[in-house]
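Chain order of the listed sequences is V and R. Counting from 1, one number per residue, gives the positions in the first sequence under my numbering. Counting from 1, one number per residue, gives the positions in the second sequence under my numbering.
Careful: at least some of the hints might be erroneous.
What the hints assert, rightly or not - 25 Å max Cα-Cα, derived DSS-like pairs, lysine-lysine:
(1) Lys530(R) with Lys30(R)
(2) Lys171(V) with Lys44(V)
(3) Lys222(V) with Lys271(V)
(4) Lys102(V) with Lys261(R)
(5) Lys108(R) with Lys449(R)
(6) Lys159(R) with Lys46(V)
(7) Lys205(V) with Lys227(V)
(8) Lys69(V) with Lys8(V)
(9) Lys74(V) with Lys159(R)
(10) Lys331(R) with Lys219(R)
(11) Lys261(R) with Lys36(R)
(12) Lys159(R) with Lys530(R)
(13) Lys36(R) with Lys530(R)
(14) Lys411(R) with Lys275(R)
(15) Lys261(R) with Lys297(R)
(16) Lys261(R) with Lys239(R)
(17) Lys516(R) with Lys552(R)
(18) Lys46(V) with Lys331(R)
(19) Lys159(R) with Lys44(V)
(20) Lys44(V) with Lys530(R)
(21) Lys275(R) with Lys205(V)
Rather than coming from a laboratory, the hints here were simulated on the basis of the structure.
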Amino acid sequence: MGILISPKRLFDVPVHARCITPDTFSTLSLSEILNLEVHEGNRKRKLKELFEVSTGPYTSPEGFTIWMKGDFSKVRYIGYGMSTGKIVLEGVAGMHLGEEMKGGFIQVYGDAGSWVGSMMQGGRIEVFGDVGDYTGAAYRGSGRGMRGGEIIVHGNALNETGCYMRGGLIKVYGSVGQFTGMHMHGGTIMVGGETEGRDGAEMTKGKIVILGRVPSLLPTFKIEAIKPRVKVGEERVEGPFYMFTGDLAENGEGKLYVSKNNNPHLKEFEKYLSPVKVK
Amino acid sequence: MALLIRNGYVYDPMNGIDGEKMDILVEGGKIVDKLKSAEYEVIDASGMIVMPGGVDIHSHIAGSEVNAGRLLRPEDHAKDVELKTEITRSGVGYSVPSTFTTGYRYAKMGYTTVMNPSMPPLEAKHTHEELCDTPIIDKATYPLLGDWWFVLEYLRDGKIEECALHVAWMLYATKGYAIKLVNPGGLEAWGFGRNVRDIDDPVPYFNVTPREIIRGLCKVNKLLHLPHTIHVHTNNLGKPGNYETTLQTMKCVEDLSSGDKPCIHITHCQFSAFKGVDWREFYSGAEDIAKYVNFHKHVTIDMGQVIFTDTTTMTADGPFQYILHELTGNKWVNHDVETETSSGIVPFRYRRRSYVHSIQWCIGLELALLIRDPWRIFLTTDHPNAGPFTSYPQVIGWLISRKAREETLSKLNKRARETALLPSIDREYSLYEVAIATRAGQARALGLKDKGHLGVGGDADIAIYDVDPRKIDPSTQYDEYVKAFSKAAYTIKEGEIVVRNGEVVKVLDGKTYWVKVSSNSEYEVSEDMKRRFTEYWTVQFDNYPVSEAYLKRSKPVQVESEV
């Protein structure tokens with residue numbers, strides 16, 4: 001069994017709907033679900049006042065499934081803290097999608113807002129469109145970003161993807177904005193397209209792999225080697241890659257891999273590589 | 001409204017009442033022996049504990065550094081949100097709660113008097129604004145005078161009486177209650193990028209040593225007959241091996257005490273009781289300090305008990321906060337408060353798995369359990385430095401029950417568990433001793449005559465906890481007590497019921513205590529001081545003092561000085 005939800009109208013102000021998770025829905029009857037509390041701006045509303053909700057025969061291998069159709073761009077905290085089941089969203093998701101998620105699967109056939117999977121610990125989020133800023137980041141001021149799980153974005157992402165990330169995997173097949181992997185303490189970020197620079201600022205650990213072009217590197221990164229391929233999760237990505245370590249301003253040991261073929265302007269770094277010893 | 005609190009088990013250590021079943025009568029905000037009016041409300045406290053309202057001698061609840069802490073920690077607010085009710089306002093914050101939330105949460109625990117322990121004189125107005133916005137509880141604040149230029153100069157020149165008059169004026173100008181010393185001399189040195197090594201290391205430029213500052217202000221305190229002693233945050237706080245500095249600090253004023261009256265308060269002593277040479281060779285110095293305190297009556301201390309949680313450290317001790325930032329790599333604030341003092345803020349997480357944090361946890365409890373006289377060791381967590389004040393009930397649990405301590409010990413770092421002295425200590429606090437350590441002792445140390453007791457004429461600040469000491473054994477069923485102490489069945493403030501079943505039912509404004517010294521000679525602010533204000537301060541001299549009208553409910557405490 002599963003639940004189908006779609007918005008009754010376009011929302012002008014943000015709707016906070018932390019209750020839309022398989023964990024909550026799977027334990028309740030339809031009438032109880034209809035009466036769950038959400039906030040529209042500063043007003044308390046019932047779920048049924050804002051959304052059409054019905055049951056249907058939706059199943060998936062992940063378990064209880066919530067099927068969402070329509071424009072949810074103002075609806076925040078969908079799948080907040082979920083640990084099981086699946087959410088399929090056809091349309092646009094709002095901010096904080098899958099925040100503090102622990103397990104389960106969220107699939108978005110469309111775009112998602114900022115803070116996708118922020119502070120998540122497990123599970124999987126797949127977005128077929130674009131996402132906003134702070135994907136897999138930490139809450140404002142906190143130093144504990146994403147710690148586990150996977151975020152896969154088939155479109156583009158904006159700035160500070162993986163800010164304060166501590167574990168897990170983020171894959172963006174499109175391009176990203178500035179400061180990818182800022183303050184990163186662990187985990188892996190792969191960018192399929194190009195970046196706007198300042199990648200890995202203040203990172204101390206973890207791995208960033210960039211397959212496209214980078215405009216320039218921060219001066220606090222040091223070239224170590226040229227690698228033919230690099231591992232991203234279970235997968236091996238063919239290079240060759242320039243491998244840098246940094247951010248040296250933070251005594252960091254983070255690794256930044258940048259495609260050699262797509263970045264001919266980085267060739268000058270090769271002269272800093274220690275010469276191969278010939279006997 | 002008159003009140004009759006019937007049949008409670010009363011713990012009132014100042015009057016020697018230890019769990020006797022008796023009635024308490026309240027009228028006109030005071031405790032009385034006979035009710036005049038025929039109309040009164042009866043509170044049935046049978047099977048409940050009745051204690052005086054809690055008194056907290058050291059808790060950073062207001063002021064510029066607390067506010068900077070709030071700005072620094074949005075993530076601390078996100079995890080702890082209080083919704084507004086019909087009578088209370090909304091608020092946020094776990095380790096640095098907003099002012100209203102602070103007042104409500106203290107009241108919910110049965111606390112009615114809280115001292116804000118560090119106020120740069122320049123920030124006095126800000127501090128008082130926040131204190132006025134902290135509802136229900138009575139409060140007072142201590143200005144930081146240990147690195148105050150004029151004090152350093154007077155002490156360098158050996159002018160104790162002039163210094164005393166100046167301090168009296170400062171207490172008046174800042175509406176302060178006691179003299180606070182934070183890393184005396186060290187903060188001034190921090191202005192030059194340095195610190196003082198020990199209590200005999202002179203302060204650059206001023207050429208006075210911390211020893212001279214401590215002794216000088218202790219003498220000043222005595223000359224002015226201030227209700228509280230000097231309130232000292234020792235030099236070298238938070239450094240391994242600093243227990244020797246603490247012992248020297250206590251020893252250096254040994255000869256200044258008269259009779260049994262204490263003359264120095266060492267605050268959050270846990271942070272000043274580190275033995276060892278570095279963080280790897282790090283041990284507890286609690287035993288040595290406890291031994292000294294047990295044999296010397298001139299010292300009172302408070303615990304500064306560590307709680308394993310995510311909290312915010314904030315002190316006026318800039319150099320220490322800098323070290324803490326270097327140690328953790330966390331975000332930080334460090335500030336030089338013009339010519340007056342410094343300050344620093346660093347978020348900090350105490351972890352059970354960490355050897356050092358586990359030992360720190362042990363030190364606080366060892367101090368509380370090894371010092372035999374509960375009148376001289378008080379329960380604090382140095383809110384929010386070692387943990388938020390909302391964890392006091394948890395600390396009470398550890399004090400009253402060995403089993404509670406063992407339960408936490410079993411989750412601690414293994415090496416810490418093996419080296420610490422704490423597992424071998426059997427002592428458990430009785431409820432009578434808990435009442436001393438959380439209210440009576442603190443009120444006595446602060447010289448608050450109307451607080452901390454339930455004798456006739458005392459303020460009707462009363463806490464009632466729903467737990468039956470005759471039926472529930474503290475040492476085995478400690479969690480019942482932890483629950484009861486965190487949600488008072490009733491809190492009564494000035495004769496009004498403000499909390500019922502752990503919920504705030506009435507909000508009133510607390511009083512702000514400050515000391516008004518009447519001296520024999522008139523103190524005149526020198527032209528030199530005014531000139532220096534124009535030159536060095538960003539605030540004009542005339543805008544500097546806090547007028548009495550600035551306080552919502554001013555409560556001056558009159559003292560007669562010798563000068």
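Each hint, compared with the structure:
no., hint, result
1, Lys530(R) with Lys30(R), "violated (44 Å)"
2, Lys171(V) with Lys44(V), "violated (37 Å)"
3, Lys222(V) with Lys271(V), "holds (12 Å)"
4, Lys102(V) with Lys261(R), "violated (58 Å)"
5, Lys108(R) with Lys449(R), "holds (23 Å)"
6, Lys159(R) with Lys46(V), "violated (72 Å)"
7, Lys205(V) with Lys227(V), "holds (19 Å)"
8, Lys69(V) with Lys8(V), "holds (11 Å)"
9, Lys74(V) with Lys159(R), "violated (69 Å)"
10, Lys331(R) with Lys219(R), "violated (40 Å)"
11, Lys261(R) with Lys36(R), "violated (38 Å)"
12, Lys159(R) with Lys530(R), "holds (20 Å)"
13, Lys36(R) with Lys530(R), "violated (54 Å)"
14, Lys411(R) with Lys275(R), "holds (23 Å)"
15, Lys261(R) with Lys297(R), "holds (7 Å)"
16, Lys261(R) with Lys239(R), "violated (30 Å)"
17, Lys516(R) with Lys552(R), "holds (17 Å)"
18, Lys46(V) with Lys331(R), "violated (40 Å)"
19, Lys159(R) with Lys44(V), "violated (66 Å)"
20, Lys44(V) with Lys530(R), "violated (57 Å)"
21, Lys275(R) with Lys205(V), "violated (34 Å)"
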